Amino acid sequence: MNALPSSSGHDGILAAGLSVRGLSRNFGGVYAVRGVTLDCAVGEIVGLIGPNGAGKSTLMNLISGTITPSEGQVWLDGSAFAAPSAVDCAERGIGRTFQNIRLFKRLSVRENIRVAAITRARVKGGAVDGAAVEDIIAFAGLSALADRPAGTLSYGHQRRVEIARALALGPRILLLDEPAAGMNEQETEGLIATVRGLRDRFGCGVVVIDHDLGFIMQVSQRLYVMHLGQILVQGDPETVRHDPRVAEIYLGRKK
Amino acid sequence: MRHLGRTLAVSALPVLCLLALAALIQTFAEPFQVRLAYAFFMNLVLALGLQVFMGNSGVVSFGHLGFMGVASYAVAILTIPVALKATMIPDAPFGLAGVELSPLVAALIAFALVLVLAFLSGFLVSRLSGAAAEIFTLALLVIAYVVFTAWIDLTRGQRSLYGIPVTSGLGFAAAVACVSVVVARLFRDSDLGLQLRASSEDTLAARAMGVHIGRLRHIAWVISALIVGAAGVLHATYLGAIGPNSFYFSQTFLVMAMIILGGMRSVSGTILGVLAISVGNEIARTLESGPVVLGVDLPEMFGLTGFFLGAVIVATMIWRRDGILGDIEFETLFRRRKAPSKGGEA
Ligand SMILES: Nc1ncnc2c1ncn2[C@@H]1O[C@H](COP(=O)(O)OP(=O)(O)OP(=O)(O)O)[C@@H](O)[C@H]1O
Ligand SMILES: [Mg+2]
Numbered sequence: 017m018n019a020l021p022s023s024s025g026h027d028g029i030l031a032a033g034l035s036v037r038g039l040s041r042n043f044g045g046v047y048a049v050r051g052v053t054l055d056c057a058v059g060e061i062v063g064l065i066g067p068n069g070a071g072k073s074t075l076m077n078l079i080s081g082t083i084t085p086s087e088g089q090v091w092l093d094g095s096a097f098a099a100p101s102a103v104d105c106a107e108r109g110i111g112r113t114f115q116n117i118r119l120f121k122r123l124s125v126r127e128n129i130r131v132a133a134i135t136r137a138r139v140k141g142g143a144v145d146g147a148a149v150e151d152i153i154a155f156a157g158l159s160a161l162a163d164r165p166a167g168t169l170s171y172g173h174q175r176r177v178e179i180a181r182a183l184a185l186g187p188r189i190l191l192l193d194e195p196a197a198g199m200n201e202q203e204t205e206g207l208i209a210t211v212r213g214l215r216d217r218f219g220c221g222v223v224v225i226d227h228d229l230g231f232i233m234q235v236s237q238r239l240y241v242m243h244l245g246q247i248l249v250q251g252d253p254e255t256v257r258h259d260p261r262v263a264e265i266y267l268g269r270k271k
Numbered sequence: 043m044r045h046l047g048r049t050l051a052v053s054a055l056p057v058l059c060l061l062a063l064a065a066l067i068q069t070f071a072e073p074f075q076v077r078l079a080y081a082f083f084m085n086l087v088l089a090l091g092l093q094v095f096m097g098n099s100g101v102v103s104f105g106h107l108g109f110m111g112v113a114s115y116a117v118a119i120l121t122i123p124v125a126l127k128a129t130m131i132p133d134a135p136f137g138l139a140g141v142e143l144s145p146l147v148a149a150l151i152a153f154a155l156v157l158v159l160a161f162l163s164g165f166l167v168s169r170l171s172g173a174a175a176e177i178f179t180l181a182l183l184v185i186a187y188v189v190f191t192a193w194i195d196l197t198r199g200q201r202s203l204y205g206i207p208v209t210s211g212l213g214f215a216a217a218v219a220c221v222s223v224v225v226a227r228l229f230r231d232s233d234l235g236l237q238l239r240a241s242s243e244d245t246l247a248a249r250a251m252g253v254h255i256g257r258l259r260h261i262a263w264v265i266s267a268l269i270v271g272a273a274g275v276l277h278a279t280y281l282g283a284i285g286p287n288s289f290y291f292s293q294t295f296l297v298m299a300m301i302i303l304g305g306m307r308s309v310s311g312t313i314l315g316v317l318a319i320s321v322g323n324e325i326a327r328t329l330e331s332g333p334v335v336l337g338v339d340l341p342e343m344f345g346l347t348g349f350f351l352g353a354v355i356v357a358t359m360i361w362r363r364d365g366i367l368g369d370i371e372f373e374t375l376f377r378r379r380k381a382p383s384k385g386g387e388a
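Keeping their order, the protein sequence lines are chains A and B. Note that our numbering has the first sequence beginning at 17, numbered continuously upward. Note that our numbering has the second sequence beginning at 43, numbered continuously upward.
Treat the hints as calculated values from the structure; they're not laboratory data. For clarity, every value in this text was computed on a predicted model and none was experimentally measured. Built from N, CA and C at the ideal position, the CB exists for glycine as well. Please note that a few of the clues may not be correct.
[Claimed, not checked] Some chain A residues well away from chain B (every beta-carbon gap over 10 Å; in silico):
(1) T82
(2) A102
(3) F114
(4) N128
(5) A132
(6) G141
(7) V144
(8) S159
(9) P165
(10) Q174
(11) A182
(12) H243
(13) E254
(14) T255
[Stated by the list, open to error] Okay, the calculated bits of chain B under chain A, using three or more residues with CB under 8 Å as the criterion:
(15) 181-189
(16) 289-298
[Unchecked claim] Taking beta-carbon pairs under 10 Å as the criterion, some of the chain B residues facing chain A (in silico):
(17) E72
(18) S168
(19) D195
(20) G205
(21) D244
(22) A247
(23) R307
(24) L329
(25) G368
(26) D369
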């Protein structure tokens, strides 16, 4: 992961946060993500919406190094990742969750979180900060469940463990792929508070994907709307809500 | 170091039980029972070695008996008196026919050899993914066997190498087993062990959490090979004679049955499995020869021990895939009993 010359003014690359420039990925002849440009400053919550198959998860996989881009570049805190792996991304401060929950099911909740905390300790040099782990467990509201195998928890709790685990990396940017999926109204309310709270408390930028317009409008400061692999519309929630193109892709109005 | 202290505390129970067992048998048992107990402790070391790699990484290894063989042959060739070597392996390469070392020095050289071989083979094991890595370990077993049987100048091929000074005893084997228990627990509970166990459940998620899976597998591979090497040293220095067939499929199968039955994901499960299979195997061996039980003269049942091992593996796979203990260590069992869980499942 070579750091290209860090440039604050260069193309508006953020000095503190995530900048994605011209990112593309094709599978065979089909582009799942095409020329995407996106920013998320540290301390900001950015929403990413779009219909099924729009390319949201693929974009998240590209940013987190889970899959490699065909073209384009990801910048974090003003320096670019050249051919990053998922491990590089985790070490440099990109934490993520998965659309289909991927916990270490047989490890306890605490051990799940510790796995990420070990990486953070290795990067910073030193031993695992046990107090910080407990802090994250408490923050995520998992104290009573900390010794339970993660796979035995309810769906909503598992989603919280995934967020807590990503937080234990000490991320600069947190990527949440449909964190509210399968949650009831009350759990969704709680999640909104959690996402806001973690931004304030852990000082990271957050990119949230969701289908649920209500949830995403409430939680995000800025929104990107994705369609067929490209960013169609971006702006603050009010602007996006009233953009006719958004209604069109969501409600399927005829062109 | 908190981690070390905790590991010593939780290892205390199995370690004390093992030592007590060794002391009892040494004091009261017949010589053939002492031999059985020695085999038990040696197999325990072997199984714990395998547990360190397989139990934490989730990758099956068929190749570890090769490391045991390397250590056994190294100790044998280095310690057998020169006069005997002149008749058995007079043309041994590297001037080994004229070398006669103390068992301690020979054991240290054997460990160094295993370390180098494990370190080198570890590059492949850690780079290959799941099934490919497992097939590679199988190839390692076969390669080691071919070397043991075909390098006749060095190993005497299929015929056994004898005259190894018998310097080991039950107490020593028990001590090595106890050290292995502690090492296996230390590794399992360490940060490296935890991240490796995480990777065995979900490699994609582990990478996203910054786990260097290949590097951790490599470390576990080397540690486990060294423990298995210790079993090899125990083997050679007790029996006094070794041959290539002790380091091949049947022994691999035996130790696999042990860790599968007890549950290789925990050190405690491994201990339990070795104990259960050792006892069961001995009963099967007795029945095999058609003894008289309660006045009934049983028929000879040749092959019963092999059938027993196969049946244990199949039954475990069907009814309890993670073995008897699964992820549980002994101390958790006690903690659970003291504090019954409120929610039902825990
Ligand atoms: N590994 C892959 N191989 C081939 N095609 C893929 C692969 N991953 C994604 N795609 C395709 O890329 C497109 C975008 O998928 P993606 O999962 O990113 O959409 P999404 O916006 O997350 O959708 P959803 O809301 O359903 O989660 C889809 O058409 C999908 O079929
Ligand atoms: Mg998706």
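Verification of the supplied hints:
Non-interface status of T82 of chain A relative to chain B is broken: a Cβ of that chain comes within 10 Å, the nearest being about 6 Å off. Its beta-carbon lying about 4 Å from the closest one in chain B, A102 of chain A breaks the requirement of being farther than 10 Å from that chain. With a least beta-carbon separation of about 7 Å from chain B, F114 of chain A fails to lie farther than 10 Å from that chain, contradicting its non-interface assignment. The beta carbon of N128 of chain A sits about 8 Å from the closest Cβ of chain B, which is not more than 10 Å, so the claim that it is off the interface is violated.
Not every beta carbon of chain B lies more than 10 Å from that of A132 of chain A, the smallest distance being close to 5 Å; the non-interface claim is violated. Every CB of chain B is more than 10 Å from the CB of G141 of chain A (nearest about 13 Å), matching its label as outside the interface. The claim that V144 of chain A lies off the interface is violated: its Cβ sits roughly 6 Å from the closest Cβ of chain B, which falls inside the 10 Å cut-off. Remark: the non-interface label on S159 of chain A is consistent with the geometry, its nearest Cβ contact in chain B lying 14 Å away (cut-off 10 Å).
Distance check for P165 of chain A against chain B: the nearest CB is about 8 Å away, which does not clear 10 Å, and the non-interface claim fails. Remark: the non-interface label on Q174 of chain A is consistent with the geometry, its nearest Cβ contact in chain B lying 12 Å away (cut-off 10 Å). The Cβ of A182 of chain A does not lie farther than 10 Å from every Cβ of chain B; its closest approach is about 8 Å, which violates its non-interface assignment. Taking the minimum C-beta to C-beta distance to chain B, about 26 Å, the non-interface status of H243 of chain A holds against the 10 Å cut.
No beta-carbon of chain B comes within 10 Å of the beta-carbon of E254 of chain A; the shortest separation is about 34 Å. The claim that T255 of chain A lies off the interface holds: its Cβ sits roughly 33 Å from the closest Cβ of chain B, which is beyond the 10 Å cut-off. Check result for the stretch 181-189 of chain B against chain A: violated, 0 residues qualifying (beta carbon to beta carbon below 8 Å, three or more required). Counting residues of the stretch 289-298 of chain B whose CB falls under 8 Å from any CB of chain A gives 0; the rule of at least 3 is not met.
Checking E72 of chain B against chain A: minimum C-beta separation of about 43 Å lies over 10 Å; hint violated. Taking 10 Å as the C-beta contact cut-off toward chain A, the hint placing S168 of chain B at the interface is violated, the least distance being around 14 Å. With a least beta-carbon distance of about 47 Å to chain A, the hint placing D195 of chain B at the interface is violated under the 10 Å criterion. Proximity of G205 of chain B to chain A is violated relative to the hint, the smallest CB-CB distance being about 49 Å (cut-off 10 Å).
Hint status for D244 of chain B relative to chain A: holds, with the closest Cβ pair at about 5 Å, below 10 Å. Interface restraint check for A247 of chain B: the shortest CB-CB distance to chain A comes to about 4 Å, inside 10 Å, so the restraint holds. The interface hint given for R307 of chain B is met, as the beta carbon of that residue sits about 8 Å from the closest beta carbon of chain A, less than 10 Å. For L329 of chain B, the suggested interface contact is broken, since its CB lies about 37 Å from the closest CB of chain A, more than 10 Å.
Checking G368 of chain B against chain A by beta carbon gives a least distance of about 8 Å; that is within 10 Å, so the hint holds. Because the beta carbon of D369 of chain B sits about 5 Å from the nearest beta carbon in chain A, less than 10 Å, this interface hint is met.
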